[in-house]
Amino acid sequence: MADPRFFTVAGPFTIAEIARRTGAAIAGAVAADRVLTDVAPLGSAGPDELSFLGNPKYLDALRRTRAGAAFVHPDRAAAAPPGLTLLLTPAPYRAYAIAAQAFYPDPLPVPGIAPSAVVDPSARLGAGCAVEAGAVIGARVEIGREALIGAHAVIGPGCILGDSVRLGAHASLSHCIVGARVRIYPGARIGQDGFGFAPDPAGHVKVPQLGRVIIGDDVEIGANTTIDRGAGPDTVIGAGTMIDNLVQIGHNVEVGRGCVLVAQMGISGSTRLGDFVMIGGQSGLTGHLRIGNGARIAGQSGVMRDVAPGETVMGSPAVPIRDHHRQVVLLRRLAAKKGD
Amino acid sequence: MADPRFFTVAGPFTIAEIARRTGAAIAGAVAADRVLTDVAPLGSAGPDELSFLGNPKYLDALRRTRAGAAFVHPDRAAAAPPGLTLLLTPAPYRAYAIAAQAFYPDPLPVPGIAPSAVVDPSARLGAGCAVEAGAVIGARVEIGREALIGAHAVIGPGCILGDSVRLGAHASLSHCIVGARVRIYPGARIGQDGFGFAPDPAGHVKVPQLGRVIIGDDVEIGANTTIDRGAGPDTVIGAGTMIDNLVQIGHNVEVGRGCVLVAQMGISGSTRLGDFVMIGGQSGLTGHLRIGNGARIAGQSGVMRDVAPGETVMGSPAVPIRDHHRQVVLLRRLAAKKGD
Amino acid sequence: MADPRFFTVAGPFTIAEIARRTGAAIAGAVAADRVLTDVAPLGSAGPDELSFLGNPKYLDALRRTRAGAAFVHPDRAAAAPPGLTLLLTPAPYRAYAIAAQAFYPDPLPVPGIAPSAVVDPSARLGAGCAVEAGAVIGARVEIGREALIGAHAVIGPGCILGDSVRLGAHASLSHCIVGARVRIYPGARIGQDGFGFAPDPAGHVKVPQLGRVIIGDDVEIGANTTIDRGAGPDTVIGAGTMIDNLVQIGHNVEVGRGCVLVAQMGISGSTRLGDFVMIGGQSGLTGHLRIGNGARIAGQSGVMRDVAPGETVMGSPAVPIRDHHRQVVLLRRLAAKKGD
Chain A
1 MADPRFFTVA
11 GPFTIAEIAR
21 RTGAAIAGAV
31 AADRVLTDVA
41 PLGSAGPDEL
51 SFLGNPKYLD
61 ALRRTRAGAA
71 FVHPDRAAAA
81 PPGLTLLLTP
91 APYRAYAIAA
101 QAFYPDPLPV
111 PGIAPSAVVD
121 PSARLGAGCA
131 VEAGAVIGAR
141 VEIGREALIG
151 AHAVIGPGCI
161 LGDSVRLGAH
171 ASLSHCIVGA
181 RVRIYPGARI
191 GQDGFGFAPD
201 PAGHVKVPQL
211 GRVIIGDDVE
221 IGANTTIDRG
231 AGPDTVIGAG
241 TMIDNLVQIG
251 HNVEVGRGCV
261 LVAQMGISGS
271 TRLGDFVMIG
281 GQSGLTGHLR
291 IGNGARIAGQ
301 SGVMRDVAPG
311 ETVMGSPAVP
321 IRDHHRQVVL
331 LRRLAAKKGD
Chain B
341 MADPRFFTVA
351 GPFTIAEIAR
361 RTGAAIAGAV
371 AADRVLTDVA
381 PLGSAGPDEL
391 SFLGNPKYLD
401 ALRRTRAGAA
411 FVHPDRAAAA
421 PPGLTLLLTP
431 APYRAYAIAA
441 QAFYPDPLPV
451 PGIAPSAVVD
461 PSARLGAGCA
471 VEAGAVIGAR
481 VEIGREALIG
491 AHAVIGPGCI
501 LGDSVRLGAH
511 ASLSHCIVGA
521 RVRIYPGARI
531 GQDGFGFAPD
541 PAGHVKVPQL
551 GRVIIGDDVE
561 IGANTTIDRG
571 AGPDTVIGAG
581 TMIDNLVQIG
591 HNVEVGRGCV
601 LVAQMGISGS
611 TRLGDFVMIG
621 GQSGLTGHLR
631 IGNGARIAGQ
641 SGVMRDVAPG
651 ETVMGSPAVP
661 IRDHHRQVVL
671 LRRLAAKKGD
Chain C
681 MADPRFFTVA
691 GPFTIAEIAR
701 RTGAAIAGAV
711 AADRVLTDVA
721 PLGSAGPDEL
731 SFLGNPKYLD
741 ALRRTRAGAA
751 FVHPDRAAAA
761 PPGLTLLLTP
771 APYRAYAIAA
781 QAFYPDPLPV
791 PGIAPSAVVD
801 PSARLGAGCA
811 VEAGAVIGAR
821 VEIGREALIG
831 AHAVIGPGCI
841 LGDSVRLGAH
851 ASLSHCIVGA
861 RVRIYPGARI
871 GQDGFGFAPD
881 PAGHVKVPQL
891 GRVIIGDDVE
901 IGANTTIDRG
911 AGPDTVIGAG
921 TMIDNLVQIG
931 HNVEVGRGCV
941 LVAQMGISGS
951 TRLGDFVMIG
961 GQSGLTGHLR
971 IGNGARIAGQ
981 SGVMRDVAPG
991 ETVMGSPAVP
1001 IRDHHRQVVL
1011 LRRLAAKKGD
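Residue numbers (the working numbering), protein chains in the order written: chain A, 1 to 340; chain B, 341 to 680; chain C, 681 to 1020.
Just so you know, nobody snuck in bad clues.
Chain C is faced by these chain A residues, among others (derived, beta-carbon under 8 Å):
(1) D3
(2) R5
(3) I98
(4) G134
(5) A169
(6) G222
(7) N224
No lab work stands behind these hints, which were simulated from the structure alone. Glycine included, each C-beta is placed from N, C-alpha and C at the ideal position.
My request is simple: use the sequences and hints to build the entire structure.
Below, the structure is given as structure tokens:
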């Protein structure tokens, strides 16, 4: 059970209700009106708790689980113990995620503006917004309904935020337009000037950065991540993209829909990503590249050329993953030969 | 045109005025008293707008541009269409930067101290300073004229900041002396203790960090970048150096003048950089190195030895760039041979 | 001498007192009641100052020093000049650290809560705590004695902090339990949601993150570092571990005691480190690994497999350091042969 200092469990829910919400089919020790009080891993779940088998390497834990019910792929149903109610679904982890959201829903913002917040009189906030202590909301800002503006968050003049945005403590926004249900974690920096200047031994000359940052619906932006605004064109983050902590996105970058950018990776100016691109942690992409839909870039890669749709690359410089593996194996073998 | 929610265009300016400010020579369809209202890329600029050709790969865009005027290198003047007024200069991008600053000047700080700011009575601020909501200015701080202290910025006791410094939202400074016209972006951390301790299995023993951070004039420090103060000597950033986002500078590091440090790179303690050193994103330098004037270090390099003035290195471990390319090509070729 | 704008020297101390506090044995030009007023490097120390020889490459500086006293390893005592009082110890740098702490103790927090701080009425603070301007302390927070909560720091509901914790400006905590004497530097982000979701082309589904962050006593956490809370299990940082700036720690990670994690390194979800593991800057560890006690991982390594206790690895992918050196040397040699 999650620590009640920090989490409040909702529910309980009947198995039937869980099945309805997740689209899973009830099987096994059928008990649709049985009541579940919480979620838990297979190994520790009790008879009132809901679990799941996501990874086949936990099949043994499924065999021994005391959970009341579990999401399981139909192909793995045979491994379930007799007392377990099965919730069959082709995507058990996804179903678990939906169920866990039911047990632990995001607390709704408590509407109101903290006395220490500083909200410009020309800003417009929708119904149900919560503005926490010390938040600063600039002139002409527009915020949708039921947004949560965290403690000390700073929103610069003119920014637009959609419904149900959640802005973490200390995040700062400027020059940006943010879609609905976007979550921005603490300390993220969005919309500051890009790194643009004309190099000159007598003193580099700053180039005004005249674009914006446009963020689609349902995007997540991790803690202390930085996204610079465009130099003229905009910097764009497509709907549903997930960005981890400490990521750097340069000016004019365009990220497609549903991409996943893991911690500490960075993208240089004007590079464009298609949809559903996945990039591992600490990877870096140079500027002005095109990365196709569904491309995958392994962690710590250094990408200096375009990547085709669906291609998987790895290494620094990045090459197709099969070539990378060959290079690694070859080098290891040659070095072993030369050794004593 | 830049989004008027966020940007206000100044001007208009005659071509003659632009030529005067940038030192460019008027040629082509000469029309010195023609009025320009904005800047725009070659492809989208209209007859009242100013553009530039920086990169020869856009020569075609120059041929077809409808811009009223453009900065062009004299060698490329022949490609200009008949109606275009040319502003000839050996450094078109630099000239564009100066002109764009004229059209989009940094808004002057609106002098005054926000009611929610907390300014120690012993702090001294020059004329024309703006202190935004929630900023905290400690005891004995001295700030020059026309500085902008962003929302929630925190300046620790004793810090000195020059004229026209711009400190972004949520930046924090301590133990530092900052030159004139320095720009510090949101969330930068400057002057905290370096990572210094005597390792000990019974408990690492912290070594007091007794130095400062000294930042020259006209430096830029990116969002969420961290610069630790010296352990005894100071950490020093030379005038005119440009530092991108999420960069780490360790204690006692000395960075020369006019250097360029791209995002997510890091420098370990006591390493010294000469002037005009350029270092690509995600590179790392170990401690106690000497990097000569004008050296260049490619992105994602790992530098574990001194780099000579003017030398260009790449790779991890970094080697002269020509050697690096050879290694990459060789490995690719050998792996291809061994493959099926 | 450290800049008095920023530092206040304590003392003076007799050599006998210094010897007593550090366990060093007095030798050389014995003068136990001589008074020392400050610490300084060998090269600049004067007769009233205390220094140390940590690294044998400074033996020459020892020979020429004008310092009044110095910590020296017994094996190096012969190199000392005649007028120098020796403080013999097998760990001179550690002894210096303790002595420097005596001369430059951390200023005790000045108890009190700044008028602009926002402290929930249900929070409980121990005696002697200082809460600086704009700090936000949530409901049911518990803080021990003599803690320093920096300007604009934000502590979410329910968090528990031990005695003498020092929380830097702008740090944000949520869902965490923090031991005694922990130092958290400016801008660190601790306890936000981990990067957990079920990937889905129709929209990635967020998985509620139901764990906490548990931080042992005497831990240091650097500026702008991010530590996500667990997904169900906790994220754990063992006592005495030192974490540098801009480090990323994913959900469910367990870090042992006394580890050293250098700047910009990152650890993916569910990886476990033993005690006294040392990891260089910009290294990355993939998820679900086991890193044994005392393992060492060189800077910029990419670790994709378990590392045995005491093993040293390097490279991306990381291999035993001897193998890495062989690979580097071999590749350099082959490429040189192939070159013209």
